[in-house]
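Let the hints inform the model, and build the full structure from the sequences given.
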Amino acid sequence: NAGVMQNPRHLVRRRGQEARLRCSPMKGHSHVYWYRQLPEEGLKFMVYLQKENIIDESGMPKERFSAEFPKEGPSILRIQQVVRGDSAAYFCASSTLAGPSNTGELFFGEGSRLTVL
Amino acid sequence: KQEVTQIPAALSVPEGENLVLNCSFTDSAIYNLQWFRQDPGKGLTSLLLIQSSQREQTSGRLNASLDKSSGRSTLYIAASQPGDSATYLCAVGGSYIPTFGRGTSLIVHP
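Chains as they are written, first to last, in my numbering: chain X, 2 to 118; chain Z, 245 to 354.
Honestly, the hints are just simulated from the structure, not real lab data.
Heads up, a few of these hints could be off.
Below, in silico cross-link-like pairs of lysine-lysine (DSS-like), each with a Cα-Cα straight-line distance of 25 Å or less [as the list claims (entries may be wrong)]:
{"id": "1", "chain 1": "Z", "residue 1": "286", "chain 2": "X", "residue 2": "28"}
{"id": "2", "chain 1": "Z", "residue 1": "245", "chain 2": "Z", "residue 2": "312"}
{"id": "3", "chain 1": "X", "residue 1": "63", "chain 2": "X", "residue 2": "52"}
{"id": "4", "chain 1": "X", "residue 1": "28", "chain 2": "Z", "residue 2": "312"}
{"id": "5", "chain 1": "X", "residue 1": "63", "chain 2": "X", "residue 2": "28"}
{"id": "6", "chain 1": "X", "residue 1": "72", "chain 2": "X", "residue 2": "28"}
{"id": "7", "chain 1": "X", "residue 1": "45", "chain 2": "Z", "residue 2": "245"}
{"id": "8", "chain 1": "X", "residue 1": "72", "chain 2": "X", "residue 2": "52"}
{"id": "9", "chain 1": "X", "residue 1": "63", "chain 2": "X", "residue 2": "45"}
{"id": "10", "chain 1": "X", "residue 1": "45", "chain 2": "Z", "residue 2": "312"}
{"id": "11", "chain 1": "Z", "residue 1": "245", "chain 2": "X", "residue 2": "63"}
This is the structure in structure tokens:
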């Protein structure tokens, strides 16, 4: 039973380019969270998705960032026109269930490390 | 808004010591609390999950306790080993969005 798979593990982009980060949740998991981690800082929530729906995107900048979790295929975090401040590790976590009465156990991928030159 | 604090931020101990890592949270209306370890350059590995109705969970040399009323959880590591060196994070599960502390960086030296 494969864990949460993220790719690419490392991505280098020049300012102004686009970055696409992919996350395949654990089998049977329909809830996906994206977090960003800067050096020496904690994990900052970005967006929470269920299949085909964005449930909460309150932690994601309104400009240049978007996320999706289609019916088929991985969840994708897209960053347009990247700037140096976007350099960070982006982590995806999946869970079997979530909702106002519970958040299930989280399982994380190895992360995608974005470097913007 | 939930705020999660982990103390100490860093800890260096000799091998064999028993350790206590602390996690405190401001909103006691939580559903669960999860402890993770993160090795440098790696993802987070789940260690223990405590549901809000539970007081503690144990796995090997690890024991986590939860006191919702006081907004605290502790992670106890018995007989620490150099392989325990990592950053330990707690995540508080509330409505939809788990909130993370900034972690405790642990070094266990031989």
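key: Holds or violated: residue 45 of chain X to residue 312 of chain Z, with C-alpha atoms at most 25 Å apart   = 23 Å, holds
key: 25 Å Cα cutoff - pair residue 63 of chain X, residue 45 of chain X   = Holds - the C-alpha atoms of residue 45 of chain X and residue 63 of chain X are around 15 Å apart, at most 25 Å.
Given pair status - residue 312 of chain Z, residue 28 of chain X, alpha carbons within 25 Å = 32 Å, violated
ask   = Within a Cα-Cα threshold of 25 Å, do residue 72 of chain X and residue 52 of chain X meet the stated pairing?
value = Roughly 6 Å between the alpha carbons, so the hint for residue 72 of chain X and residue 52 of chain X holds.
query = Keeping to a limit of 25 Å between CA atoms, is the pair of residue 45 of chain X and residue 245 of chain Z held or broken?
reply = 14 Å, holds
Agreement of residue 245 of chain Z and residue 63 of chain X with the hint, judged by alpha carbon distance not exceeding 25 Å = 20 Å, holds
message = Check the hint pairing residue 63 of chain X with residue 28 of chain X against an upper bound of 25 Å on the C-alpha distance.
response = Status violated; Cα separation ~30 Å.
query = If you draw a straight line from the CA of residue 63 of chain X to the CA of residue 52 of chain X, is it 25 Å or shorter?
reply = The given pair, whose Cα atoms are some 21 Å apart, holds under the 25 Å limit.
Agreement of residue 72 of chain X and residue 28 of chain X with the hint, judged by alpha carbon distance not exceeding 25 Å = 14 Å, holds
inquiry  = residue 245 of chain Z and residue 312 of chain Z were given as a pair; does the straight-line alpha-carbon distance stay at or below 25 Å?
reply    = The hint holds at about 16 Å.
inquiry  = What's the verdict on residue 286 of chain Z and residue 28 of chain X, does the C-alpha distance respect the 25 Å limit or exceed it?
reply    = 21 Å, holds
Of the hints listed earlier, those the structure fails to meet are numbers 4 and 5, in rising order.
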